[in-house]
Amino acid sequence: MKRFEAPSLAEALRSVEKECGRDALVIDTKSTRSGYVVVATAQQPQPDQQPGPVRRRIGQVLAPRRWTPAFHEIAQAGTTFGLSSRILRVIENALLGTRVNLNTPGDPSLPTTAARVLKALVPCGELDQRILALVGPTGVGKTTSLAKLAARAVRTRHESVAIVSLDTYRVAAVEQMRAFSEMLGIPFTVAFTPLDLRRAVAEHATADRILIDTTGRGPFDTDAIASLAGALEIDGMHTALCLQAGQRYRDAAATLDAFAGLEPMGMIITKWDETTAPGEVLSLAIERELPIAFITDGQEVPEAMIPADPGVLAAAALGLAEDTAETIL
9 MKRFEAPSLA
19 EALRSVEKEC
29 GRDALVIDTK
39 STRSGYVVVA
49 TAQQPQPDQQ
59 PGPVRRRIGQ
69 VLAPRRWTPA
79 FHEIAQAGTT
89 FGLSSRILRV
99 IENALLGTRV
109 NLNTPGDPSL
119 PTTAARVLKA
129 LVPCGELDQR
139 ILALVGPTGV
149 GKTTSLAKLA
159 ARAVRTRHES
169 VAIVSLDTYR
179 VAAVEQMRAF
189 SEMLGIPFTV
199 AFTPLDLRRA
209 VAEHATADRI
219 LIDTTGRGPF
229 DTDAIASLAG
239 ALEIDGMHTA
249 LCLQAGQRYR
259 DAAATLDAFA
269 GLEPMGMIIT
279 KWDETTAPGE
289 VLSLAIEREL
299 PIAFITDGQE
309 VPEAMIPADP
319 GVLAAAALGL
329 AEDTAETIL
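The sequence shown begins at 9 in this note's numbering and counts up one residue at a time.
Because the hints were derived from the structure by calculation, they are not lab data.
Ranges of calculated distance between the beta carbons of each label pair, as one might list FRET restraints:
id, residue 1, residue 2, range
1, Arg163, Thr214, 15 to 25 Å
2, Arg207, Asp229, 25 to 35 Å
3, Ala50, Asp265, 14 to 24 Å
4, Ser235, Arg163, 33 to 43 Å
5, His80, Thr214, 57 to 67 Å
Just so it is clear, the structure is predicted and the values come from calculations on it, not from any experiment. Note that beta-carbon positions come from the ideal geometry of N, C-alpha and C, so glycine has one too.
Full structure from sequences and hints, please.
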């Protein structure tokens with residue numbers, strides 16, 4: 009059993025994985041004034057025993073978890089909505105450091121208090137970069153998200169915007185974006201090669217924002233992702249990763265790992281209205297400290313793109329009513 013200290017939860021968990029392996033068991037986590045402390049141990053093979061339940065990656069302790077009596081119901085709700093066990097343990101340990109009584113169930117304020125702790129963990133941020141490319145797997149909604157970003161910039165912020173599409177594999181997507189650009193009265197360019205992209209960026213040098221749509225790439229298509237990374241090697245270029253709200257933790261983690269080389273500044277969580285377990289992607293964002301900029305919850309442009317609110321996200325991940333977010337200060 010070893011103790012790991014780091015300024016952030018993500019750094020502590022990376023140290024655990026490096027020292028104890030991906031299948032390490034996290035015994036305890038707690039926040040301190042200087043960061044986080046994680047107590048973990050490497051798994052020992054036990055050939056004489058029946059295999060235990062399937063475990064997630066590092067940090068998930070064998071079920072059933074021994075939660076404090078009052079926190080048990082919150083842990084069940086969080087698990088149902090996809091929160092990882094280690095995030096729930098961080099919440100519980102934070103509550104143990106307060107005057108909240110976790111030994112006696114029935115405190116009606118406890119769910120809101122737990123959501124307040126989770127809210128403090130949720131990383132949120134803006135995507136204000138002048139040159140921004142949306143990247144991610146196929147079918148995640150990058151093109152629609154880009155249209156929403158463009159509409160917000162033009163209609164709400166009164167910015168001059170240019171759109172460039174690298175998604176030449178889908179003719180319908182190109183025509184959809186061309187029609188949308190005409191409706192907004194903004195320039196649209198199709199880039200078939202990296203050189204085309206460079207020329208398009210140079211051509212729109214006076215635009216306030218240049219938004220770039222890219223072809224979806226699967227997390228295991230390493231050559232295609234490397235090719236995309238090369239095409240986006242332009243001064244001032246930034247990327248944002250699009251992930252579906254209902255994506256499983258392991259799949260979302262694989263996607264984030266695959267696109268890590270593109271150094272995304274943040275993420276857009278798409279199709280929020282299509283999942284019952286938003287906590288899985290939210291857990292990943294917390295553990296990797298990747299800021300969430302927007303969530304999308306429909307096809308309407310730009311209305312169905314909402315700036316990420318940590319209170320709303322925390323309430324959803326714990327199965328609380330949406331209006332509860334207003335009480336999470």
